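Produce the complete structure using the sequences and hints provided.
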Amino acid sequence: MNPVLKLLLEGGSLSTAQMAQVAGLSEAEVEQHLDQLKQDKILLGWRPVLDLSREAAADAAVEAVIEVKITPERGGGFDRLAERTARFDEVHTCMLVSGGYDLLVIVRGRSLQKVAAFVSEKLSTIEGVLSTSTHFILRYYKDQGFMLGTDESSGQRLDVAP
Amino acid sequence: MEPNSSKWVAGHVASLPKSGIRDFFELVAKMKGREVISLGVGEPDFATPWHIREAAIYSLEKGRTFYTSNLGSPELRREISRYVSREFGIDYRSDDQVIVTVGVSEALDLAFRAFLNPGDKVMYHQPCYVSYHPSIGLAHGEAIPVPTYAKDGFALTAEALEEAWQPGAKILMLNLPCNPTGGTCSREQLEKIAAFAVEKDLLVLSDEIYSELTFEGEHTSIATFPGMWERTIFLHGFSKAYAMTGWRIGYACGPTALIDAMMKVHQYAMMCASIIAQDAAVEALRNGDDAVANMREQYHRRRDLVIRRFNEMGLDCHSPRGSFYAFPSVAGTGMTEAQFAQGLLETRKVAVVPGTAFGPGGKNHVRACFATGYEDLMVACDRMERFIAESDRS
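Those protein sequences? They're chains A and B, same order as listed.
Numbering-wise (our numbering), the first sequence opens with residue 1 and increments by one.
Numbering-wise (our numbering), the second sequence opens with residue 1001 and increments by one.
Any given hint could be a false lead.
Simulated restraints on C-beta separations [as the list claims (entries may be wrong)]:
#1 A:Gly100 - B:Ser1186: 51 to 61 Å
#2 B:Pro1017 - A:Thr16: 42 to 52 Å
#3 A:Leu37 - B:Trp1050: 29 to 39 Å
Derived by calculation from the structure, the hints in this document are not laboratory data.
This structure is a prediction, so every number in the text was calculated from the model and none was measured.
Heads up, the beta-carbon is just placed ideally off N, CA and C, and yes, glycines get one too.
Shown next as structure tokens:
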């Protein structure tokens, strides 16, 4: 596997220079790998993982998970409706899932009203959308591999031990 | 004041030197809170994998708070027997050839107390783990250190053993991969050591606690060579591979009569290892392979990073095939290991342990543990590089 991709998958936040050291490559080689990953549309972008319950990060703090049932279409299946849904700026994540509904959509907004308005006015009115079921997120305990609010570090190790 | 209370301390304890690591610990403790990056630890930086911790919580919830059999819970001994057979190719009966102990440290103490008559001699390679020499003394044995050398990557050689051997030698103590040097032996070297043990009729205590952290090639246990099973006590535990140092759980496997003798000491001194730790260990052996592989990969990359950096900055360092320790030579800096460690700590706030804490063979070396996150490792290397450059100029 591409050594840089491996480091990215581990979810660290190393700089190019640091990745070079860890992977035993030159910085130029790391850049090359990163460019290749972008060209191959594997690496799409960078985003920080934020604890949105903290005031400093509280902008766009309301999130809802929405279960959406849609009608599949001849020829395209779920793709056209899924893409149409996904293109809204409010939609943070959109995926097709198995089970009792078809799309799982995560929507972000500045307020509860804005998210609610998006669901009732935009999402549920798309032709082909049969039903929506909206769950507002109350609290995160773990996000993308990061535990929130619990501090577990190796800081309690003795500094010198046999 | 306690006038003359020291008169009650036993002679062989009073004469025991304090661990050299202790002095250095005090020194680091004084610097505490001043952004010291410590490469002085001897344990993983990972917390125990959650599924293992969760199994311990479940065990408590179920009210498993009692003594277990002296030898350890039958369940854990069965898992150990399976694991050692699967991973090391050595077969032990779980009923009477496995004993669960409070870390390998206890197993080692049991073995010395069970097998040494006063004055019996124990050969061990050095530099080595800090407790080997004192444990032998506490069991009234006599220590015969066998030197290992940087030029061999600190591998023990049969030639060095041959040279150090004395009449009355009864036990050969091995720790491969080795703390602090990361030294291992090739299959051929190990074969010769096994032949030496057979020839001199030695009992071998093989501490293989770092075996899962072998980065290149396969780990081979000395117990697998002809004539060795019956003269080997295989010592192992959960601290390093499963990041379970604080749980204090390990085990020893060997011929029935020997395990039985160790059990006698254990049952009177310890009764049994903590049941919570035993239950957690069962989970580790059943479902811990992925976590071990993942941690090994992390250590592997960290090793490559620090070894490369050390050599680039002029610290001559062999690449350890196992463990999470680098043992670079500081001879090129013109400083002794103590001067280097102290200077580095005071001026650049990085802690490494002077090699002589692990015996005189550690002269001119320091131990740097790379069980620390990349970011800290890189900063520590940068600081060391600056420290060396500055000391060059002065």
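**Prompt:** Out of the numbered hints, which ones does the structure contradict?
**Reply:** none
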